[in-house]
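Chain B: place on chain A using the hints.
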Amino acid sequence: MNMIAGLLYFSILGVLFIFIPVMIGIYVYRDATTRGMNATLWTLIAVLAPTFIGLIIYLIVRTDHTTFQCPKCNQALDASWEICPKCGERVPEGIKISPGIGQKDKDLGKILLAVILIPLLIVILLIIGLFNFRTTNYGSIGSVDGMPIEDFADNKVVTDWLDNSDAQGNGIYVLAHQEAATADNSGTKYSYIFYRKGLTSSVDVSVDDASKGLFTNSALQIKYTDMGTITTSNYHLNQVEYFASDAPKLAVYVNGNKVDFIQTTTNEPILSDGLPPLNDARKLFESRIEYLGDNSGVIRLIDATGLSQVGQYTIELKTSEEPYGLCIIYSTNTKEFGITDFSSNAIELLGLIKNLGYVEITYGEQTYTLTSKEASEILDFDVKELGMSKDKLDEYHKSLID
Amino acid sequence: MKLNYDFESYQPPRMNEKNLMETLHNRQLIKRTVLLVLASLLINICMALMAFVIAPYSMEAGIACLVLLGLSLAGSGIIAVIFAREWSTHYRSKPGSIIALGL
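Protein chains in written order, with this note's numbering: chain A, 1 to 402; chain B, 1 to 103.
Keep in mind that the hints were calculated from the coordinates and are not lab data.
Every value quoted in this text rests on a predicted model; they were computed, and no experiment measured them.
Ideal Cβ positions, reconstructed from N, Cα and C, are used throughout, including at glycine.
Nothing false has been slipped in among the hints.
Distance condition first, Cα-Cα at most 27 Å in a straight line; then the derived DSSO-like pairs of lysine-lysine:
id, chain 1, residue 1, chain 2, residue 2
1, A, K354, A, K318
2, A, K106, B, K18
3, A, K354, A, K392
4, A, K197, A, K223
5, A, K373, A, K354
6, A, K72, B, K18
7, A, K197, A, K258
8, A, K110, B, K31
9, B, K31, A, K106
10, A, K354, A, K283
11, A, K249, A, K223
12, A, K189, A, K258
Chain B stretches covered by chain A per the calculated footprint, using a threshold of three residues with CB under 8 Å from any CB of chain A:
id, segment
13, 19-33
14, 37-51
15, 54-63
16, 66-73
17, 77-83
Pulled out of the complex, with its shape left as it was, chain A reads as follows (with noise of 0.2 Å):
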């Protein structure tokens, strides 16, 4: 949790079970002491007895006992009594008048303004946090690609902060990259080259968000997991695009441990733009994965079918019973979505996750979904023949073009 978050979680919840009983508790064990009660049981069930409740019966209960006080040993007397029974003086008549009255009124009255306006204070705090907090800040992943060195070759930022990160040894490199806010002034797009140099073995590289929150910024991120293997296929360098509408924290973690990075910043735009329109096969069917529960490979594979261009997005993968789905919402789209055929992306999807059994398309209430059958039926062959051979997939290429 974080630090002020979670100073206010312990502040309210100390006033609210704290400091409010501990005042109430103090004016009922007073109280009760004078009118001759048990103050002790009293006081426990004041305090203990949850929102109030056993004030409420305190005060009811209470007018059946005098605030009478003997004015030699302060023993609480019935109004009829004529002498103390504890010191046996007699009691005057003019003291019946209870004098302790008023002021024992005035305490209650303060602690009854104090449980009033304390809890009132902290909800219209909450309500401003929360309303915040829900209305004016998000952020979202677009794509995470991890991708050769060799890619950015033609972009001179890019090759110009390799050689100088190259030069400063091993360690973590980001390159940030920050696009004017949208004229709808619905976010803006941050993009982020993570270079690890020293690498060594294979690793899964995975990314995570969180929104601003009402206590802390945005925040981004990646997390490498060293996976031991010696054969180093994957990719050194990882692009990361990301929208919000703060900048966020970079956080860098390497199996599960924060580590430092170097951070450069341009102006510049330093990712590539995607892939071709029609899609690559030989790109998409190294891309292509065995589960769906290999999160980076989907959102790598998502970015491979074009589908990352049509807009903001999130995933979500059914995977908790058969058939496996994998469910792309869009939170902005560029594109019209309605009349946007999105058939092509989903069979590349279908047909290079082996076990995935279908593919939802959202954009706010409107969804595309296509099954394995369905896609089968539509290509007149099974579709997961898509993902066993690099030529069926060129064949299909060219029979989108044709």
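Just chain B now, kept in the frame of chain A:
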């Protein structure tokens, strides 16, 4: 002149300081009870709101708030029902029994 009390036919109620003080105390008690119920409602709203505010930072803390809210509602409800039943059937009809119980 239309009178709302027929002093010719009925004896007016005898009022003394004790009766007036009792009326005053009853009215005060009602006001205080209403204020305390309002305060308890605000505290319950606090807990519910806090659960939603804190949940993104710690789901456990959010759930703890909701559990606390549920328990306090259930607990105060049970106590209120038991007290109302016992107070009306026993203690109210037998003044002094509270003292006899040591309360």
